[in-house]
Amino acid sequence: MSIDPNSIDSSSIDFNLREQLSALADGELGPDQTRFLLRRLDAEPELAACWQRYHLARACLRREPALLPDPSFAAAVSARLVDQQRPAASRSWLRSAAGGAIAAGVAAAALFAIATPPQDAGSGPQLSSVAPVRTNDLELRQPVQRVSDRVWAPLPVSAPIDPQLEGYFLRHSGAAASAPRGGFVPYVYVVATPASVPAQIPLGDSAASPPSR
Amino acid sequence: MGENEVDHALVKRVQGGERGAFDLLVRKYQHKVIGIISRYVHDWAESQDVAQEAFVRAYRAIGNFRGDSAFYTWLYKIATNTAKNWLVSQGRRPPTDDVQVDDAEHLQAAGRLRDSSTPEREMVRQEIEAAVTAAVEALPEELKLAITLREVDGLSYEEIAESMSCPIGTVRSRIFRAREAIDLRIRPLLSDTEAE
Amino acid sequence: MSASRGVLFVLLAIAGPAFAQPAQDPAALLERMVQALQGLEYEGTFVYVHEGRVDAVHVTRTLGPNGPMERLVSLSGDRREVLREPGGLRCLTRGGTVVASAGAQASTLPDRLANMAQWREHYRMSIAGTDRVAGYEATVVDAAPLDSLRYGYRLWLDRATGMLLASMVREASGAPVEQLAFTQLRLQQAPDGATSAAPAAASSAQPTTPSRWRAAAMPAGFTLVSRVQAEDDAEHLLYSDGLASVSIYVEPSGGGLLGASRRGAVNAFGRAAEGAHVVVIGDLPATTVVQIAESVSRGD
Numbered sequence: 001m002s003i004d005p006n007s008i009d010s011s012s013i014d015f016n017l018r019e020q021l022s023a024l025a026d027g028e029l030g031p032d033q034t035r036f037l038l039r040r041l042d043a044e045p046e047l048a049a050c051w052q053r054y055h056l057a058r059a060c061l062r063r064e065p066a067l068l069p070d071p072s073f074a075a076a077v078s079a080r081l082v083d084q085q086r087p088a089a090s091r092s093w094l095r096s097a098a099g100g101a102i103a104a105g106v107a108a109a110a111l112f113a114i115a116t117p118p119q120d121a122g123s124g125p126q127l128s129s130v131a132p133v134r135t136n137d138l139e140l141r142q143p144v145q146r147v148s149d150r151v152w153a154p155l156p157v158s159a160p161i162d163p164q165l166e167g168y169f170l171r172h173s174g175a176a177a178s179a180p181r182g183g184f185v186p187y188v189y190v191v192a193t194p195a196s197v198p199a200q201i202p203l204g205d206s207a208a209s210p211p212s213r
Numbered sequence: 214m215g216e217n218e219v220d221h222a223l224v225k226r227v228q229g230g231e232r233g234a235f236d237l238l239v240r241k242y243q244h245k246v247i248g249i250i251s252r253y254v255h256d257w258a259e260s261q262d263v264a265q266e267a268f269v270r271a272y273r274a275i276g277n278f279r280g281d282s283a284f285y286t287w288l289y290k291i292a293t294n295t296a297k298n299w300l301v302s303q304g305r306r307p308p309t310d311d312v313q314v315d316d317a318e319h320l321q322a323a324g325r326l327r328d329s330s331t332p333e334r335e336m337v338r339q340e341i342e343a344a345v346t347a348a349v350e351a352l353p354e355e356l357k358l359a360i361t362l363r364e365v366d367g368l369s370y371e372e373i374a375e376s377m378s379c380p381i382g383t384v385r386s387r388i389f390r391a392r393e394a395i396d397l398r399i400r401p402l403l404s405d406t407e408a409e
Numbered sequence: 410m411s412a413s414r415g416v417l418f419v420l421l422a423i424a425g426p427a428f429a430q431p432a433q434d435p436a437a438l439l440e441r442m443v444q445a446l447q448g449l450e451y452e453g454t455f456v457y458v459h460e461g462r463v464d465a466v467h468v469t470r471t472l473g474p475n476g477p478m479e480r481l482v483s484l485s486g487d488r489r490e491v492l493r494e495p496g497g498l499r500c501l502t503r504g505g506t507v508v509a510s511a512g513a514q515a516s517t518l519p520d521r522l523a524n525m526a527q528w529r530e531h532y533r534m535s536i537a538g539t540d541r542v543a544g545y546e547a548t549v550v551d552a553a554p555l556d557s558l559r560y561g562y563r564l565w566l567d568r569a570t571g572m573l574l575a576s577m578v579r580e581a582s583g584a585p586v587e588q589l590a591f592t593q594l595r596l597q598q599a600p601d602g603a604t605s606a607a608p609a610a611a612s613s614a615q616p617t618t619p620s621r622w623r624a625a626a627m628p629a630g631f632t633l634v635s636r637v638q639a640e641d642d643a644e645h646l647l648y649s650d651g652l653a654s655v656s657i658y659v660e661p662s663g664g665g666l667l668g669a670s671r672r673g674a675v676n677a678f679g680r681a682a683e684g685a686h687v688v689v690i691g692d693l694p695a696t697t698v699v700q701i702a703e704s705v706s707r708g709d
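Protein chains in written order, with the working numbering: chain A, 1 to 213; chain B, 214 to 409; chain C, 410 to 709.
Simulated from the structure, these hints should not be mistaken for lab results. Among these hints, one or two may not hold up.
Here are the computed lysine to aspartate or glutamate pairs in the EDC-like style, where the Cα-Cα straight-line distance is at most 20 Å [what the hints assert, rightly or not]:
#, chain 1, residue 1, chain 2, residue 2
1, B, Lys225, A, Glu64
2, B, Lys290, A, Glu64
3, B, Lys297, B, Glu259
In isolation and in its complexed conformation, chain A is listed as follows (with noise of 0.2 Å):
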């Protein structure tokens, strides 16, 4: 939108547009004419100009210190916008979040989930058309072997959680599940009890010591 909106003669807008805008500068327009005002900017490039000389002229007689920026300012910082994503209610990435419907449902469902394994899938299909196989018998041809000389102490069930370092492996246990090595398998790392890790782990632990830069 490269029209200088200034040079637009503004009796071509409709006056009761004009008019809505100038109660809505003052917050006294209603809601529903809110909502029918803002679908109207997109055609009327004339308003969105109307509007700032509005907010030009209050800055004007309540003396503050304006600074006339460039006609174009708006519509730079449009174009600028133009590449960006639709801004999300939260970074679903690394925030971590308290959505209220989630946390209600998972909630609920843990409630039954902690005393004993849960028997059913949620929305899915019950198992029940396969016969099952139980047995407690673990048998591996390899003996489980001491993971590390270190000793690590259990992480008390109390402990402080990090949200962004969960988001971190949440969501690239999400990319790796459709990785070969991928289904459950990356989730075992985000449901695991963390080890009491400390911050930084020396390197020297297994291999050789990282190879200096």
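Given the structure of chain A, go ahead and fit chains B and C onto it with the hints provided.
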């Protein structure tokens, strides 16, 4: 709805994906944001650039705006951070004092601001101020009172209606007509500042 | 990799001895494992041995018309639960409170994983014998890394369906890093109309230009599998060598993991680089993850 509520309503729409609503916020606060930026960035062209960047950052971060504070307070912080980051990226140290929002509002920074705009632009600004003042002076009394109570004293339509002993609809109409009269005078001045 | 193909494979596998066992080709067995992990429905409990802990986890996976739903519940330690909804939303809860969530994953290169035969070039694959896990007869496949930059794997795969029953991840030196084994497992094929693919994310998420970022120290054999760009120029690049996967997150600077972190066989490392924040996270030894992270830079 007061002015804060208008901002919050616009922000909600932006969060819902309406870019037009963000455009309104830009146009409402652009002159203030540029004023903030120009305290840190003294070159006009650069301050425009940094100010645009501040709005872009605000757009990206708008999902985080929860409405606990005024939108302008939030925007002000983003603008100052953008300006400081820019200074740091230029290898300069940002000023250590951080003027509070209220102070900035009343800051008679005319001297400092004048340094940063071109003489022509400065003249236009003065012209516009003069035109607005003249337009208000020339208004019929009831329009002048209505617009003054609204813009200078910050009264709501209801409060103005009570003060002027008239219906709210009349208040709304008087304020609109006052704005139209002012707009008539300043529109030609702004069209003259077409980008070179 | 569609569910229908996976289900078809499973049907062939269960149909009878004539179709039961593909040739004893480790790579083919791994392909079948991939199909099973994605295309079957299952419910079971497994133990997970890692970093001195022995944890138990219950998993349920079902397939619907909008993709898979998975739920993992920790039965020991932290009261954690991961839920993956059919639309792609994943969230982690602890004690009933959502701690983190992530949206649907969009991918620009969805077909890349179909051709993961390159794992032959970086692992020495072999059949290590047979065993029994959770009551199922298993074939044991071993993948030994040909360099010390990645892990080795030993995978117990159900002879009938190819489903992963147990796994052991080890360092190149042979020392175990983590183990996982089902103690109880029920399997079934997905119903008609079910799919293992999540609905495609909005096309606006697909970047049109190649990434500016390069990781010079990405080990040989890792190819870019998917790339996603988020609203603030943040990027997520996912690489895989056929067995291991590693993500590189490049985000605007300010915040993010700094230094190293680890969960079992997954290592993460974050650092500031060229005005951005880089986090590398994947099934690789810590030294490799650090090397990759330190080599991430803006290409020309």
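Hint check:
1. Between the alpha carbons of B:Lys225 and A:Glu64 the distance comes to roughly 27 Å, so the proposed pair goes past 20 Å and is violated.
2. Between B:Lys290 and A:Glu64, the direct Cα distance comes to roughly 19 Å. Compliance with the 20 Å bound is thereby established for this hinted pair.
3. For a cut-off of 20 Å, the pair hint linking B:Lys297 to B:Glu259 stands: about 13 Å separates their Cα positions.
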